[in-house]
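A.B. asks: Same order as they appear, the protein sequences are chains B and R.
FYI, my numbering numbers position 38 of the first sequence as 38, with every residue one higher than the one before it.
FYI, my numbering numbers position 469 of the second sequence as 469, with every residue one higher than the one before it.
None of these hints come from the bench; they were simulated from the model.
Treat the hints loosely; a few may be bogus.
[As the list claims (entries may be wrong)] Part of the chain R face toward chain B, derived, beta carbon under 10 angstroms: (1) D24; (2) I25; (3) Q27; (4) E28; (5) L29; (6) L31; (7) H32; (8) F33; (9) I36; (10) E39; (11) A43; (12) D446.
[Stated by the list, open to error] Beta-carbon label-pair distances, calculated as ranges: (13) A424(R) with K75(B): 54 to 64 angstroms; (14) K75(B) with G44(R): 43 to 53 angstroms; (15) A109(B) with H92(R): 14 to 24 angstroms.
[Stated by the list, open to error] In silico SDA-like pairs for lysine to any residue, Cα to Cα no more than 20 angstroms straight-line: (16) K75(B) with L31(R); (17) K77(B) with V37(R); (18) K75(B) with R23(R); (19) K77(B) with L29(R); (20) K77(B) with R566(R); (21) K77(B) with F33(R); (22) K77(B) with R23(R); (23) K75(B) with E39(R); (24) K525(R) with E857(R); (25) K75(B) with L29(R); (26) K75(B) with F33(R); (27) K77(B) with E39(R); (28) K75(B) with S65(B); (29) K75(B) with V37(R); (30) K496(R) with Y804(R).
Just so it is clear, the structure is predicted and the values come from calculations on it, not from any experiment.
All C-beta atoms in this analysis are idealised placements derived from N, C-alpha and C, irrespective of residue type, glycine included.
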Amino acid sequence: MAVRQIDLLQGTLDLLILQTLSRGPNHGYSIAQRIRELSDDVLRIEEGSLYPALYRLEQQGLIDSDWRVTENNRKAKFYELTRKGRAAARAELDGWVRLSKAVARVLRAIEQGA
Amino acid sequence: MKRFATRLLRRLRDLLLPGDRDRDIQQELELHFEAIVDEGRHAGLNEYEARLAARRRFGSIMHIKDRSHDVRGAGWAGWAGWIEGVLRDVNHAARRLVHAPAFSAAAILTLALAIGANASIFTVVHRVVWNPLPYASPYRLIALDYGIPAMNMSSGIASMTWQLYWHLTDRSHSLQSIAVYDAIRATLTGRGTPERVVVSHATPSLTRVLGVSPALGRWFTEEEGVPGSAPAAVLSHGLWVRRYGGDPGVLGTAVTIDGVRASVVGIMPATFAFPFAGTDLWMPAQSTRADASFLFIVSGVARLHDGVSIEQSRAEITNLISDLSQVSPNQRGIVSAALPLQEMIVGRVARALWTLLAAVGIVLLVACANVANLFLVRYESRQREIAVRRALGAGRHGVLRYFLAESVLLSMAGGALGLALAWAGVRLLVMFSPANLPRLDEVGLDSTVVMFTAALSLATAAVFSLIPLLRLRPVGDSLHEGGRGNVAGGGRRLYKGRHVLMGCQVALALTLLIASGLMIRSFQKLRNVDPGFDSSSALTFSIGLPQREYSSRRGAVAAHQAILERLSAIPGVTAVSASSCLPLLGGCFGNSLFVEGEVLDRALMRRFASFRAVAGGYFEAMGMRLLRGRGLARGDIDRRESNIVVNQAFANIYFPARDPIGRRVQSSTPPNSSLPKPDWLTIVGVVSNTAMNALAEPEPAPQVFMPMSIAGGPDIPPEALLGPNVTTMAYVLRSAVPPAELTAAARAAVAEIDPNLALARVRTLQDIVDRASDQMAFTMMLLAIAAAVALLLGIVGIYGVVSYVVSQRTSEIGVRLALGAEPRSVAAMIVRQGGFVALAGALAGLALALAGARLIESLLYGISPRDPMVFGLTTLALLTIALFACWLPARRAARISPIEALRSL
Chain B
1 MAVRQIDLLQ GTLDLLILQT LSRGPNHGYS IAQRIRELSD DVLRIEEGSL YPALYRLEQQ
61 GLIDSDWRVT ENNRKAKFYE LTRKGRAAAR AELDGWVRLS KAVARVLRAI EQGA
Chain R
1 MKRFATRLLR RLRDLLLPGD RDRDIQQELE LHFEAIVDEG RHAGLNEYEA RLAARRRFGS
61 IMHIKDRSHD VRGAGWAGWA GWIEGVLRDV NHAARRLVHA PAFSAAAILT LALAIGANAS
121 IFTVVHRVVW NPLPYASPYR LIALDYGIPA MNMSSGIASM TWQLYWHLTD RSHSLQSIAV
181 YDAIRATLTG RGTPERVVVS HATPSLTRVL GVSPALGRWF TEEEGVPGSA PAAVLSHGLW
241 VRRYGGDPGV LGTAVTIDGV RASVVGIMPA TFAFPFAGTD LWMPAQSTRA DASFLFIVSG
301 VARLHDGVSI EQSRAEITNL ISDLSQVSPN QRGIVSAALP LQEMIVGRVA RALWTLLAAV
361 GIVLLVACAN VANLFLVRYE SRQREIAVRR ALGAGRHGVL RYFLAESVLL SMAGGALGLA
421 LAWAGVRLLV MFSPANLPRL DEVGLDSTVV MFTAALSLAT AAVFSLIPLL RLRPVGDSLH
481 EGGRGNVAGG GRRLYKGRHV LMGCQVALAL TLLIASGLMI RSFQKLRNVD PGFDSSSALT
541 FSIGLPQREY SSRRGAVAAH QAILERLSAI PGVTAVSASS CLPLLGGCFG NSLFVEGEVL
601 DRALMRRFAS FRAVAGGYFE AMGMRLLRGR GLARGDIDRR ESNIVVNQAF ANIYFPARDP
661 IGRRVQSSTP PNSSLPKPDW LTIVGVVSNT AMNALAEPEP APQVFMPMSI AGGPDIPPEA
721 LLGPNVTTMA YVLRSAVPPA ELTAAARAAV AEIDPNLALA RVRTLQDIVD RASDQMAFTM
781 MLLAIAAAVA LLLGIVGIYG VVSYVVSQRT SEIGVRLALG AEPRSVAAMI VRQGGFVALA
841 GALAGLALAL AGARLIESLL YGISPRDPMV FGLTTLALLT IALFACWLPA RRAARISPIE
901 ALRSL
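All chains should be modelled from the sequences, with the hints used to inform the complete structure.
C.D. replies: Here is the structure:
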């Protein structure tokens, strides 16, 4: 395996799911596919983490689910953001961007100092 | 809003129908799985490879489901989430238990047995001992008992005089109210067939003392307590329903009791059973201050004033009695020995019941030890599973819940089954219990008992679930060892825990065995007590002559004589006679006597002797032994000679070291009595002692037997003190055939003399003897059952522990055998180890039994609570059985094949 899979930071998975869903309702399998594709196969979401996360988010009222039919005519459970979830996604994204900028600044400073 | 509603609905559905949610998740995961398989197929894998790859990637579907469950439960509002969690735990535990049917059945049955026993005894204790009196503030009610210290009787004179009643009513400050009563048998006629009923004459103050009121109508007025007023009667609920079909219209109508017409004024509630259960109706006891009797013919009950102690009241009553004895010398030297009414009614029974409750409590402990052992075994076999759970993040809390759910389920199931057993058990208890238990007819499972059982079940559950928790080891250890038969280390510690449990079982079982051994020996001794008469093959019944038709002593004696003659003609009857009072039943006429020629010493009081009026040939019919002189024959009755026979105890007390034959005695009367002095009575014989009230009497009671033709009768006032009234006599038929077969012939014979006479209390003399020991038989039987159950559970426990140790040491034993150990020495090693634990347990049990000796002492008869014989034999028996229970698995150990054992290492 050429590319090392990285461990997701706690909370990051929730952010990724919320972001994926902000583009429209989707089902579990497709969410995992989407994240994997967008991250160039670096982020592989294990099913064992994905579903608990989905149920947790649903429990928190950030997403909602119902059974629908997929594009290739399969039944699947679709998740979509609630209003609260949309707000949470924005807030989480802001937080993440701030955090990654901060981390980047620190790393740059260490590089320059070295 | 709609979204919120659907979500709420889903949550509700999740909570109420967890299966639905399971299916939901399952379906979602399966679809995902199929998608991954598709993906593999697209990538060019064949069906099998695609599925395999998907499964590898997907992990266990169950595992995801479990974690999803946790997540789903978590965010939900507090209590609902908690309930959900509990339901889930219980659901899982139930499934686990269903998959281990042998374990579950063993645990549930063991618990059900022990909990059922506890619930049954508790039911009886709760009703009979704690709440025996359905009266207002029952703790302030006292029974008026008396003693005569000069005659070495500190208590036990349960009767008093009308004089004292009025004296206490007028003068006492400690008593709020006081009532006296008696209880007799009488014939009820009018509306239906004649019936023998129990009538209690009570003062109108009785309901005030007890704080009860009739269910219908009224109780007696003060005027009805005055002699000469119109007769009134109050019916018991039982009689009202039985005879009058519960018809309220019976109020105001008349009933005829022993020929006296009385109008029914009230009906008591079903719970009212005073002075004892089975009292059919009440009539006013009538007396006035002016002509109050000096005879000890009534019993007293009183209510203490608030804040007055029973000791204060006793002192006051004793003082009032000594005032009274200035005018009424026959009450001289009497002191109050008043006791709580409750104690009088249930005192002795209570001790037996508490002992039984303690015994079944011990059985429960032994059962707990067994189930704890089962849990330990189960815990061992699930070590790996638990270790995995803990490695995955389940804390001690999670593991506790895991076991708690199982043990709560088991003990609740055991409790429910136990309650069912108790339902049957209580019925058995009521059926076999001695007749003198109060409120027994009310005994039944009620909410208190159900609560008790539930609490007991939960308490046992808590014990079991804690035991495995104490054994939690570091995760790494368990995972490392897990699944393999462990050779050393943790296993040793488990042996220790098991051995402690096993030792406790042995100790507790031995304690119960000793207790029941002592009871059995006591019972044997009691049954070996010589009652003084031959109880085999004799029928007895009593006949009461209605006073209207038989209004004189002469008439009554003639009727009895005619009946006796007719009875003696029945084929198979070898002897027949009658007495006013049978042995072991108490309730005889009693008085002290003067000895002719003795100087009357006011300070000297003779012990009361009980008087029996008898027909000719009584001693022969009863099989009593004549020690000196002669008995009383038919001629003595006909000639109405004042000849009497006394018993050995009377001779010893009244004529110490002198020959009583030919001496004369006289029934004592108060000096101021207006009635003529009774005749002098000449002693013509001495018979052996007979038991008066109980088989185990501390000392035999002095008794006088007089011809019925010179005793009291319907036309003789009781104050004349001649002797017992011969209106009602108990007949004795000694027979050559089984006595019960004579009943019909006896009825026919009596009917020939007077068809209106009824046979009451038909039974054999053996029944009377049996009844005298039935309370001890009852206690003994239940204690023996408890001990047997404890022993059985103990044996199972020992066998289980030793078997387990053997199974865990299989490899070690294999190595020993491979290295040349003798199979016999291997078996001996196992037995030695088990035997050592059993011995330690037995020593603890002996110590426990010695310490508890005082608790059981009052229940025993003729045996020390530390009887070395019982202690020695039961210990020996228990150890033998324990060693046998060790030997069975040890023998298996010796047969282990070294090769097999080593292979499994």
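A.B. asks: Checking against the hints above, which ones are violated?
C.D. replies: 11, 12, 14, 15, 20
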